[in-house]
Amino acid sequence: MDMILLVSTLIKIAFILVLILTFNVVLLWVERRLAAMIQDRIGPVRAGIPIFGYNLALKGLVQPVADAIKSLWKEDFVPPNADKFLHAMAPLVAVIPVIVAFAVIPFGSSLYLNHAFEVLPPEPTGRVIPLQVATMNFGILFVFAMGGTGVVGSAIAGYSSNNKFSLVGGLRAAGQMVSYEVALGLSLVGCFMLYNTLLIEDMVRWQIENVWGIFLQPIAFILFLTGSTAEMKRVPFDVPEAEAEIVGGFVLEYSGMKFAIFKMGEYFELVLASAVIVVLFLGGHHLPGLTDRGIDFLGFAQPLWHGAVVAIHLGVFLVKLVLVLWLQFMIRWTIPRFRYDQIMKLSWRYMLPLALLNIFVTGVVIMAL
Amino acid sequence: MAITTKRVNKPEMDLSELSYVPEIVRGLGLTMSRFIKNTFLPIEKGEIATIGYPENRLTYKERFRGVHRLTHRADGSPRCVVCLCCSTVCPAQCIKIEAGEYEPDDPRFGYERYPKSFVIDELRCIFCGFCVEACPCDAIRMDSGLHMPASTLREHFIFDKESLMAIPGPDGSYQTGNTRHEPGDPTHPGIDRKLGH
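Residue numbers (the numbering used here), protein chains in the order written: chain A, 1 to 369; chain B, 1001 to 1197.
The hints are simulated quantities; they were obtained by calculation from the structure and are not laboratory data.
Zero decoy hints are in this set.
Each pair of labels, with its calculated beta carbon distance range:
1. B:1162 x A:337: 52 to 60 Å
2. A:361 x B:1022: 18 to 26 Å
3. A:256 x B:1146: 36 to 44 Å
4. B:1098 x A:255: 48 to 56 Å
Heads up, the beta-carbon is just placed ideally off N, CA and C, and yes, glycines get one too.
Next up, chain B with everything else stripped away, as it sits in the complex (with noise of 0.2 Å):
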């Protein structure tokens, strides 16, 4: 099959386009019309599209993945139970948590632990928050709304388990939504040693 070709001529130009000079001024009158807009009118009205950033700041949408906060429980002790789902889904492998069992004459003895320490190492973090869909207390949370600050110090983002629990969530509270079931209360769905496993 032969090729066949197909000649597309150069857009045919009158005097006016070929002399340039009217149409750069149809250019100066869009250059200019949007430098007076931006300009003079208040930024509302204008054009910008660049945010002053620490000054300004966009809202995020509600599913944005900030920085991990440990939830609290009504007593303001961490609702992390340290099953260790969170640090063996890590992709990244920034997650740190030593585990500790409580006194023989906890009611929360024999069922689960509380961390000892618990470390985020959010410079390794990629924020991909398989640790929260991974965790099965809702004790960890990203739901913050915050970037790291910035440093220049590598120490000041090893966040230990007092700062993590120290960043409220979205509504300023430190707790979430979901009701906690402690060993013992009525409520606790789970097998009970006094009812008999």
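In isolation and in its complexed conformation, chain A is listed as follows (with noise of 0.2 Å):
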């Protein structure tokens, strides 16, 4: 291992690390405010910095920094007959594999050292660094295993919690995920065969050539919309915590960093699929007419330095990302929350079968041409 290859993975890890904690930040005060705008209210505006006697409220951008600030002085309160190491593992569980899921990720273009300052010529040489923390050969599966394992982290604190609620919560999520990882997984599987490949930069690689995934894929970008959502256990999909029915469910026994952390999990699962949904439907950082040397729309043809490129290939991403988030946003806070039967009825009955046909579609369309 060659230290530029160790410092740019360090640097890769540093930024997306930056990136998911700000976003996780700048969510909640996005997901109140949004709600609030929705419902007719105003959300949280007071929170400010205090300078000189006057209170910079930005709009209550700091609240989530309030919040935190709030669950570090609580009380961590563990049930007297819990499972003491089990209930302290659950967060981490939880959290952990869902951040580790983000190395698989590209959130740009290959940068070449040699050619930052310059236009990319035809026949790049010298070293390349994927702006992807690891490139491994079997790609999305990666994503799934982390993605499952997070609900395992909801199980163990629905069971370690010594609470009727909790526990009922906690299978709750295991039978929602048992269900909704079948038609998730097999709602990829027209893309995979599209695509003619499991890792993802090749997948965005093949849109970028041809075109992007949702126009050819839309009922599997629907299926994984509905599947991602019901894997992160938010509205409608939330009956693992229903604050109404089972108190919160398994987050009801904790207080304090680690309800923040199972809170944080939920945004960083957010955040994944949305990125997973961009990079697989979206083109990843595809902008139509930018090239890797340059602008060329419609005939208007302007050459630009690959540093650049690449720098604008990242803003894109980023871009299709917060756009994707505003939309789970949106549907979150529009559709009321199903029944539990309704939910299972949704995934095995309605979901699994079309997935299969998608499937089977995709699969004689290709053999077709």
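Now that you have both chains on their own, put them together as the hints suggest.
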């Protein structure tokens, strides 16, 4: 392992961590304000930075910071007969796999170090740094493996809390995960067949060379959006923590920072699912009209430095990510919660056959062409 | 009589409703239009019902019963004549008045008394307005339009005569529209010692 590889990987890991933690903080505020705006309220606008007796409120943007400080100072309550070890482990089990899964998400195009300050030649040479922490040959399956592990944390939390409602919540989370993991995995098989690869960077490349996945696999897109919402236990699939029926479910016996970590995990999963949607269906960092060598749009050509192109690609990826996150928020504040039997029915009786049909039709079309 | 039942079938749903997606898109349109309206339009044109209280306030109706005030006479003394009607009618028993006699050479001596102390416990007060109704002299009013200001000290809510007299009315004056006829004035409607009882 040489120095450049080590340093670049560390920089990429730091970038990913800073990115998702920043997203987490901002999303907390965005979600509360957005919900308030939809429901004709104002939302949190008070929390601010006191400067010279004046409260710099920034429309409440520092509210998540205040929440975090509050969480740190709150009592960390563990129920008397709870399994202390598992109770402490559960938040970590819920969060760490989700962070790890970001390793295979390509958040930009490859950077050729030798050509950073010139237009990319047709035959680029020298060291290549892919903007992706780990290029692994099982690609997207790693995301599935890690995303599926996250729900174990919820199940452990429900089991170890020594509380009926927590147990019900944990079981519901586990049952929901088992149901939706199937439909979720099968919904993407059509994409795998189309892109003819499991590597996420190759999928992005295929979409850049041909067309974005959402236009060829719209059913897979809807199924994946639904399934991933169910996987991360957000409304309308939030029966595992349904606060109206089982008072918070598996997070019931958690307080302070442990509770906050569960909530952070939910937002990490949200960002992960949105990032997967971007790279699988929305062409990753691809912007129509922008090639590796500069702008080439409807006859207008302007060569750009390779470094600038990579930076623009990174920005495009982030913009797409934000748009998908916004869509997810809008869906979350539009639809009321499903009943548990409706959730199971939706998964096994509608989504699974639809995913299989999607695979069949995709296969027939690919064979016919 | 036999119990009759009427069977009500669930409303039929067509394929687009069963598949959720078009209906969800319609719902998204509703929430999105509301979101855009409330976020990007000026606050008067939006639908937001919340009022950021300390900065923005509603104007209260004229009948709003706020903190009490003691009205003044023309010479700046309280109009109160210590008839004790208000403290008698007060259901919360939050008014305590100590009466004082005027000096014998004062024209009001023998006709009325003055409040040596007039204390209202605003924490006990239920803001029913009975004291204002009961007062024959228009001496106590609740038209100041003020809330109780917030405090963490119980003593701050015990309003004495001076602080009650320092609260102005809605027009900023300390008097009322009703004319006061002092004893000895030609307009004084009551019996008079000099004119003979």
